[in-house]
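Student: Listed here are the chains, written in short residue letters.
Number of protein chains: 2
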Amino acid sequence: MGTIRAFAPATVANAGPGFDVFGFALEKPGDFVEAKRVSEKGVRIASIKGDNGKLPKDAGKNTAGIAAQLVLGMLGKNAKDGESGVEISLEKNMPLGSGLGSSGASAVAAAVAVNELFGNKLKRGELVLACAKAEEAVAGFHADNVAPALLGGFVLVKSYSPLSVVKIGCLENAFFSVATPDFELSTKKARSVLPKEIPMKEAISNWGNTALMIHALHTQNVKLFGEAVNDAVVEPRRASLIQGFYDVKKSALEAGALGCSISGAGPSVFCVSENKAVAESAVKAMQEAFSKNGVESGAVVSKMNVKGAAVL
Amino acid sequence: MGTIRAFAPATVANAGPGFDVFGFALEKPGDFVEAKRVSEKGVRIASIKGDNGKLPKDAGKNTAGIAAQLVLGMLGKNAKDGESGVEISLEKNMPLGSGLGSSGASAVAAAVAVNELFGNKLKRGELVLACAKAEEAVAGFHADNVAPALLGGFVLVKSYSPLSVVKIGCLENAFFSVATPDFELSTKKARSVLPKEIPMKEAISNWGNTALMIHALHTQNVKLFGEAVNDAVVEPRRASLIQGFYDVKKSALEAGALGCSISGAGPSVFCVSENKAVAESAVKAMQEAFSKNGVESGAVVSKMNVKGAAVL
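Chains R and Y, in that order, give the protein sequences.
Numbering-wise, this note's numbering puts -9 at position 10 of the first sequence, and it's gapless, one number per residue.
Numbering-wise, this note's numbering puts 45 at position 64 of the second sequence, and it's gapless, one number per residue.
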């Protein structure tokens, strides 16, 4: 078996109207995990790169480590002889707390690598719960990042108890631009600005748009998808946590993007475009808008990821 | 041209989770309108059958009459010579205030008949606004009944200003049972029990289910559609307005129905089943449950209507 290297992609949770239920995977960026069997039982994290020293190397406190432990347990590898332990190395390629599902990608890459290391006995769908539990350790129990990172495409979390997800499909001709401002926004803080009650009118707008978004996916209609990226509930309440958000959004739409909102809990902002040229103009415009607001930002243009995490 | 006879079907608005945005058409029951050209300008209602004398014969106060007037106006028939006026006869086949889009069906049948009478110059989609305006006179501006009655199948109202609807498709293999208890529930009263604010948690449940319902429609998955007939927001608040509602719902599900909720503003209750035999058992069980609660009820088993209103 030697060493297994796995990739798990960044994800855009919520996708505008679908707070807590929608998420889709990008082709890039993403995290890498290398896993190898060792004789010492359990999971050990050998190294972490790209986190600026911020992540714990204790396997029980790191989403990659927790996911690896849970998958080992599912494989029944806790109490067996031989090389039943795992040593993992994590290589992060996206900032923490950026709204791109960074902690989820690490969990997914680790889960996929460990599963592969022991003969790929578990299906992707079976790994969702373990990865969601790993996420729980850092950002509450949620699956709108780990499910699309595992399965690829656009995913609906249709139930949390029990956890049940459905892969809707992939918007094949769309291009997504993501601008990630250079500051961290914790999911906890981003959740703290959300009220327990919301106006019925706003809720109706969002359930119309989640429905429209699924229709857009099934009809491969990028324009309609852009129209559905319209969040009356969460975006207005989180906008103030992202310096210059409305300027960034305006600049993306003026550059030709069809819809724009916050990626996950933010502060990353994403938009959707019908072609690559527009997506590249849009992301430049978004970066400039952030810059005018005193914030530097990273930029990515990516299609939707069809297959999800991959063993390399 | 002579006389035109048109049919418009009953509709199930909301469909569970999609309050104010979803509606679908049934094959039966439905209203009929006969329209003929007359030399007197404007619209006159010659007769109304099946309403127990409850509906106004003043064309300006009756949804069929208002829709006919608006369509005449769109056709530019207000000020021309010759037989530019219309006389309509309305035949109602469903109770008023029953939650089956009764007033909307009358408006749609009239609009379609008048359009046909003058050469069918307007497309179905162009009639939606006129019919929604006619509905406004009796039940507030809404399109979740008239749009499916006009277009057939399952419709999403994606915007109210401007009014914009999209036909999603038709769940071809599903059977719908509807039990209509023998009392009237006004839309106004049914709306009065809804709060202006709702818990975020309930809203999230509904936007997950509207998304799931659209996915079910696109994949022709009746079971998933039934799962999505799950309304955390409106149903619990309106249940007490419908005597025996929870007994009726329980009996439908126990008979094998896959999902059950209130049709439109109620008091009709609908459920969805995978085959006709189950749908018929379910509707009998629903009627018995109503009966045990001291309410008699009418029953219909119908497939989803593919084409909407029809000229006969």
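Careful: at least some of the hints might be erroneous.
Copies of the same chain are indistinguishable here, so a pair counts whether it falls within one copy or spans any two.
Mimicking SDA-like on lysine to any residue, the simulated pairs with C-alpha atoms at most 25 Å apart in a straight line are [unchecked claim]:
#1 K182 x A213
#2 K284 x E235
#3 K288 x D228
#4 K114 x E183
#5 K42 x P176
#6 K104 x T200
#7 K170 x V292
#8 K182 x S167
#9 K288 x R(-14)
Hints were generated in silico from the structure; no laboratory data involved.
Student: For every hint, state whether the structure bears it out.
Tutor: Hints and how they fare:
For a Cα distance limit of 25 Å, the shortest separation of K182 from A213 qualifies both inside one copy, at 9 Å, and across copies, at 15 Å. For the homomeric pair K284 and E235, the shortest alpha-carbon distance inside one copy (21 Å) is at most 25 Å, but the shortest distance between copies (46 Å) is not. For a Cα distance limit of 25 Å, the shortest separation of K288 from D228 qualifies neither inside one copy, at 34 Å, nor across copies, at 45 Å. Proximity of K114 and E183 under a CA criterion of 25 Å is satisfied inter-copy only: 23 Å between copies versus 31 Å inside one chain copy.
Taking CA atoms no more than 25 Å apart as the test, K42 paired with P176 passes in neither setting, with 29 Å inside one copy and 43 Å between copies. Proximity of K104 to T200 under the C-alpha cut-off of 25 Å is restricted to the inter-copy arrangement: shortest distance 23 Å between copies versus 28 Å within a copy. Proximity of K170 and V292 under a CA criterion of 25 Å is satisfied in neither setting, with 34 Å inside one chain copy and 58 Å between copies. In this assembly of identical chains, the alpha carbons of K182 and S167 lie at most 25 Å apart only when taken from different copies (21 Å versus 28 Å within one copy).
Taking the shortest Cα distances, K288 and R(-14) sit within 25 Å of each other inside one copy (16 Å), while across copies they are farther apart (54 Å).
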